[in-house]
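*Asks:* Sequence:
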Amino acid sequence: MAVETTGRFVGDLRDPAPAERLLWPDVAKGACIVLVVLWHVIMKQYLQIDWRISTPLPGAWGEVGELLLPLRMPLFFAISGFFAARAVKRPWRTVARSRVAKFFYLYVLWLSVHTLVLSFFPGFATEHAGSVLEFAAQLTITPTNLWYLFALAVYFVIAKVSRRLPFWIMLAAAFALSATASAGLLAVPGDRGGLYQNLVFFLVGIYGTSLVKRVAVEAGWLRLALVGVPYLGVLVAVGHFGLKTAFGLWPVLSLVAIVLGVTAAALVTRWKRPANAIASIGRRTLPIYVIHLPLVAVLDALLHDPLSSLGPAAQLAVAVLDPIVLVAAIVALCLLLQRILPSAWVFDLPVRRTAEPPAPEDLNASAQTMPLYSVRRPQAFSRPRPR
Numbered sequence: 004m005a006v007e008t009t010g011r012f013v014g015d016l017r018d019p020a021p022a023e024r025l026l027w028p029d030v031a032k033g034a035c036i037v038l039v040v041l042w043h044v045i046m047k048q049y050l051q052i053d054w055r056i057s058t059p060l061p062g063a064w065g066e067v068g069e070l071l072l073p074l075r076m077p078l079f080f081a082i083s084g085f086f087a088a089r090a091v092k093r094p095w096r097t098v099a100r101s102r103v104a105k106f107f108y109l110y111v112l113w114l115s116v117h118t119l120v121l122s123f124f125p126g127f128a129t130e131h132a133g134s135v136l137e138f139a140a141q142l143t144i145t146p147t148n149l150w151y152l153f154a155l156a157v158y159f160v161i162a163k164v165s166r167r168l169p170f171w172i173m174l175a176a177a178f179a180l181s182a183t184a185s186a187g188l189l190a191v192p193g194d195r196g197g198l199y200q201n202l203v204f205f206l207v208g209i210y211g212t213s214l215v216k217r218v219a220v221e222a223g224w225l226r227l228a229l230v231g232v233p234y235l236g237v238l239v240a241v242g243h244f245g246l247k248t249a250f251g252l253w254p255v256l257s258l259v260a261i262v263l264g265v266t267a268a269a270l271v272t273r274w275k276r277p278a279n280a281i282a283s284i285g286r287r288t289l290p291i292y293v294i295h296l297p298l299v300a301v302l303d304a305l306l307h308d309p310l311s312s313l314g315p316a317a318q319l320a321v322a323v324l325d326p327i328v329l330v331a332a333i334v335a336l337c338l339l340l341q342r343i344l345p346s347a348w349v350f351d352l353p354v355r356r357t358a359e360p361p362a363p364e365d366l367n368a369s370a371q372t373m374p375l376y377s378v379r380r381p382q383a384f385s386r387p388r389p390r
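Numbers given in the working numbering equal positions in the sequence shown, counted from 1, plus 3.
Accuracy of the hints is not assured; some may be wrong.
What the hints assert, rightly or not - List of simulated lysine to aspartate or glutamate pairs, EDC-like, C-alpha gap at most 20 Å:
| # | residue 1 | residue 2 |
| --- | --- | --- |
| 1 | LYS275 | GLU23 |
| 2 | LYS47 | ASP308 |
| 3 | LYS47 | ASP194 |
To be verified - The calculated label-pair distances, taken between Cβ atoms and stated as ranges, are:
| # | residue 1 | residue 2 | range |
| --- | --- | --- | --- |
| 4 | ALA99 | GLY65 | 21 to 29 Å |
| 5 | PHE244 | ALA347 | 49 to 57 Å |
| 6 | VAL67 | THR118 | 24 to 32 Å |
| 7 | LEU189 | GLY314 | 43 to 51 Å |
| 8 | GLY314 | ALA140 | 43 to 51 Å |
| 9 | VAL220 | GLU130 | 35 to 43 Å |
Read the hints as simulated data drawn from the structure, not as lab findings.
Ideal Cβ placement from N, Cα and C applies to all residues, glycine included.
Full structure from sequences and hints, please.
*Replies:* Structure (structure tokens):
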């Protein structure tokens with residue numbers, strides 16, 4: 004199985020050398036964050052265009068986005084749980100800051116940024132607070148499009164508090180919650196539905212670490228084809244017959260999608276260049292996640308009227324290329340802004356001067372956000388630089 008072996012050693016020489024960083028989880032996360040951006044581009048910009056063409060291309064892009072729903076966030080959370088498996092076993096004093104406080108802080112910070120920026124785009128197709136009470140609700144009980152950050156903190160607390168319970172009890176309860184929410188049996192204002200539906204996948208990543216590794220190690224094209232082709236047929240049938248809210252169907256489809264996603268990510272690592280390119284995005288998911296939606300709002304405001312007024316031939320080209328071009332541009336802009344913005348407090352909880360450095364495992368475990376490190380084979384001591 005491929006691993007990433009470039010970068011620098013971060014840790015204490017008294018500690019054992021950290022394990023080499025697996026490449027396939029970063030590939031999976033890179034694909035997931037691109038799909039998140041694609042979904043928001045399709046729903047909040049592309050489908051808002053006044054299309055004057057008779058081809059079904061706009062609707063086809065919408066269908067593609069719908070088909071990928073069982074994969075995108077469930078796989079994201081499964082990988083996040085996979086990296087959190089060791090952290091839940093550590094004392095609160097060593098993980099409360101990096102696993103809970105950090106994500107609550109980032110949620111509050113970027114919710115404030117989104118609320119401010121989106122207030123200048125009242126016609127943009129997403130929810131944003133218009134009053135102090137709405138903002139307070141989004142901070143607490145009705146998470147917004149930034150709900151992934153909120154969920155990471157909440158899920159970790161749940162996993163740690165329940166660590167001594169039998170794992171099957173927690174998985175069964177989380178599965179039931181996901182099935183109930185996806186069947187429309189619970190009130191899910193804002194993005195609370197995602198919060199209810201995805202806990203089970205985070206716990207699968209924590210409790211099923213060995214199984215997830217095995218799926219990656221034993222990845223093969225035959226499995227991908229034998230599972231993926233029928234699975235695609237099932238997804239099409241579910242959409243055609245309106246079965247999306249059938250009780251228990253969403254979590255089952257998502258669990259199969261996680262297997263396919265891990266398998267595909269592991270297979271991609273067999274090609275060095277594309278794997279490294281996707282993994283490099285996967286190590287920087289946080290800036291893309293928190294920045295991309297305001298950029299979609301800006302681009303929607305700039306492009307909506309010009310694209311809506313194009314002739315049929317030009318609109319046909321736009322219908323094919325718009326999501327691809329905008330996703331690439333937005334991801335690139337997010338990574339550019341990451342380099343410009345003060346990352347010490349914009350993408351992380353500000354460091355206390357007296358705080359001790361995190362344990363080496365925490366560095367690898369934080370892969371669900373922006374990368375805190377990359378690894379090469381460490382040397383015990385380095386030569387002093389000549390003065």
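*Asks:* None of the hints should be skipped; say for each whether it holds.
*Replies:* Results of checking the hints against the structure:
Restraint check for LYS275 and GLU23: satisfied, since their Cα atoms lie roughly 16 Å apart, inside the 20 Å limit. Between LYS47 and ASP308 the CA atoms are separated by roughly 14 Å; this keeps the pair inside 20 Å, and the hint holds. Between the alpha carbons of LYS47 and ASP194 the distance comes to roughly 15 Å, so the proposed pair stays at or under 20 Å and holds. As the Cβ distance of ALA99 to GLY65 is approximately 41 Å, the hint placing it in 21 to 29 Å is violated.
At roughly 51 Å, the beta carbons of PHE244 and ALA347 sit within the given window of 49 to 57 Å. Checked against the hint of 24 to 32 Å, the C-beta distance between VAL67 and THR118 comes to roughly 30 Å, which is consistent with it. Remark: the range hint 43 to 51 Å for LEU189 to GLY314 is upheld by a beta-carbon distance near 47 Å. Distance hint check: the CB atoms of GLY314 and ALA140 are about 45 Å apart, consistent with the given range 43 to 51 Å.
The given range of 35 to 43 Å is respected by VAL220 and GLU130, whose C-beta atoms sit roughly 42 Å from each other.
Violated hint for the displayed structure: number 4, the only one.
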